[in-house]
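From first to last, the protein sequence lines stand for chains A and B.
For the first sequence, UniProt numbering begins at 1 and goes up steadily by one.
For the second sequence, UniProt numbering begins at 1 and goes up steadily by one.
Check the hints yourself; a few may be wrong.
Said to hold, decoys possible - Derived coverage of chain B by chain A (criterion: at least 3 residues anywhere in the stretch with Cβ under 8 Å from a Cβ of chain A; other residues may be distant):
#: 1; region: 22–32
#: 2; region: 181–195
As the list claims (entries may be wrong) - Calculated lysine to aspartate or glutamate pairs in the EDC-like style (CA-CA distance at most 20 Å, straight line):
#: 3; chain 1: B; residue 1: Lys59; chain 2: B; residue 2: Glu116
#: 4; chain 1: B; residue 1: Lys155; chain 2: B; residue 2: Glu64
#: 5; chain 1: B; residue 1: Lys52; chain 2: A; residue 2: Glu175
#: 6; chain 1: A; residue 1: Lys186; chain 2: A; residue 2: Glu175
#: 7; chain 1: B; residue 1: Lys86; chain 2: A; residue 2: Glu175
#: 8; chain 1: A; residue 1: Lys186; chain 2: A; residue 2: Asp117
None of these hints come from the bench; they were simulated from the model.
Just so it is clear, CB atoms sit at the ideal spot from N, CA and C, and this is done for glycine as well.
Each chain, letter by letter, is given below.
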Amino acid sequence: MNIFFQQVLNGLTLGSVYSLVALGLTLVYGILHIPNFAHGAFFMVGAYISFYVAGDLGANFWVAMIVSAAAVAVMAMISERLIFHPLRNSPALHDMIAAIGLLLFLEAVVQAIWGADFHRLPAPYTTILRFADLTAPAQRVLIIGAAIVLMIGLQIFLRRTTTGSTIVATAQNREGAALVGISPLKVSLLTFAISGALAAVAATLFAPINLIYPAMGHLVILKAFVIIILGGMGSIPGAIVGGMVIGFAESFGAFYISNNYKDIIAFVLLVFILSLRPQGLFPSEVR
Amino acid sequence: MLQLDRVMLNYGSFRALDGISLNVRDGELVVMLGANGAGKSSMFLAISGLRKLSGGSIKLAGGEITGASPATIVSRGLVHCPEGRKLFAHMSVAKNLMLGGYVHRGDKAGLKERLEQIYDMFPILREKRDNNAGSLSGGQQQMVAIGRALMGRPKLLLLDEPSLGLAPLVVRQVLDTIKAINASGTTVLLAEQNAYAALQIADRGYVIESGRVVLEGSRQELLNNDTVRRAYIGG
Chain A
1 MNIFFQQVLN GLTLGSVYSL VALGLTLVYG ILHIPNFAHG AFFMVGAYIS
51 FYVAGDLGAN FWVAMIVSAA AVAVMAMISE RLIFHPLRNS PALHDMIAAI
101 GLLLFLEAVV QAIWGADFHR LPAPYTTILR FADLTAPAQR VLIIGAAIVL
151 MIGLQIFLRR TTTGSTIVAT AQNREGAALV GISPLKVSLL TFAISGALAA
201 VAATLFAPIN LIYPAMGHLV ILKAFVIIIL GGMGSIPGAI VGGMVIGFAE
251 SFGAFYISNN YKDIIAFVLL VFILSLRPQG LFPSEVR
Chain B
1 MLQLDRVMLN YGSFRALDGI SLNVRDGELV VMLGANGAGK SSMFLAISGL
51 RKLSGGSIKL AGGEITGASP ATIVSRGLVH CPEGRKLFAH MSVAKNLMLG
101 GYVHRGDKAG LKERLEQIYD MFPILREKRD NNAGSLSGGQ QQMVAIGRAL
151 MGRPKLLLLD EPSLGLAPLV VRQVLDTIKA INASGTTVLL AEQNAYAALQ
201 IADRGYVIES GRVVLEGSRQ ELLNNDTVRR AYIGG
């Protein structure tokens, strides 16, 4: 029972991180209709900023997370304004190449500052929680709890607030949104800011149970793409469910099949689900 | 209220608008007649700031709006209800309508009052307010599109082909509603292929062909004009 519970916990932990990353990616896709490969670099930079603020400056874990989220949000907005906005009327391929260029640029900058070595962010809570005969490291419970709070918060923001509705409206009909007076530029900036902040928070939560290194965003972004393709490009529920599907598949696959095949499972699942449902699990625009 | 002076619009090497000049006076209901591809929709897109002019100028209530953003133009009282409706299909009717009042978002009480007025104008929308806009019939979606535009409290309302694809009975209802909107004080510029029905409610009209104004006149003048009768009314 405890072993099964551990796999559920691992699945939820991985799924929470993947969902947060995929949410940012799917939001940007919904607005711009381009796959933002640089999102993996936002995740990586978020981890490094938290590592610097909590490690070198000695700040509290939560302060580090807030600073990292704010810094990556600003960085994402600058990249939208300086790189993606001028390419708005260019073929989609140009955006994709620009995104890959940004990814490589950010990795080079991080490597120049911190080097190529692995780093680790100390876990803020090292206790092991016990429920009857079940045990759970506090950091994993924290990741799951924080992800749930963020997902609910994001849903409330998008559904219940006027500002959030402008993002959903622009994703559903860009011209229709402009005609009611919504500024597509402001919406794009806001979406990039949210997307960057989500990536930074996910990275900060994940960093204490993983390593920090310049290429850490590669596998995460590839899996996030698998998730949003599975969930339906631009679909918010799809990103959450898709993240959990991949998280659980990896966790149970690693335990019951082989840990060596853990990273392959996401891609096998992609092929399998898309052969049954080519449109993804939740086909739609952002909603 | 609205003045277009030699407005030009190019799509690459194709000239969609070729020096259009026209004016719409306060309180009027003016109809734009023309075949498919004559430039009616391009003209509306240019007026509402969604397409950048290649030449000429546009003034609204005496003030220059050439090159202004759609958001600025909406906040100055010109609202465009586009062809194809451009609704937020996966949002509820109520949310579509509320977003129509986005530029007045600071005035919550005013928006609620306006929403009730829209529901009084289109009672079916009150019943369907929680349904997704994309799930409604064509006529009901057109009501949402007009209602959403009215939520922006327009001084000038641009309506592009509001009867397109609707059943004849629904076309009559939509045009009656447009007449009522105009009678309540909103200036209306209406593009319509259904020339006879549109001229029944209009004060004046323009005929455009290949991006140029080729004819203008009062309702009666246009109804009696042989070219208009032959080309657009069929009699």
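Hints, one by one, checked against the model:
{"no.": "1", "hint": "22–32", "in the structure": "violated (count 0)"}
{"no.": "2", "hint": "181–195", "in the structure": "violated (count 0)"}
{"no.": "3", "hint": "B:Lys59 / B:Glu116", "in the structure": "violated, 32 Å"}
{"no.": "4", "hint": "B:Lys155 / B:Glu64", "in the structure": "holds, 16 Å"}
{"no.": "5", "hint": "B:Lys52 / A:Glu175", "in the structure": "holds, 14 Å"}
{"no.": "6", "hint": "A:Lys186 / A:Glu175", "in the structure": "holds, 14 Å"}
{"no.": "7", "hint": "B:Lys86 / A:Glu175", "in the structure": "holds, 7 Å"}
{"no.": "8", "hint": "A:Lys186 / A:Asp117", "in the structure": "violated, 38 Å"}
Of the hints listed earlier, those the structure fails to meet are numbers 1, 2, 3 and 8, in rising order.
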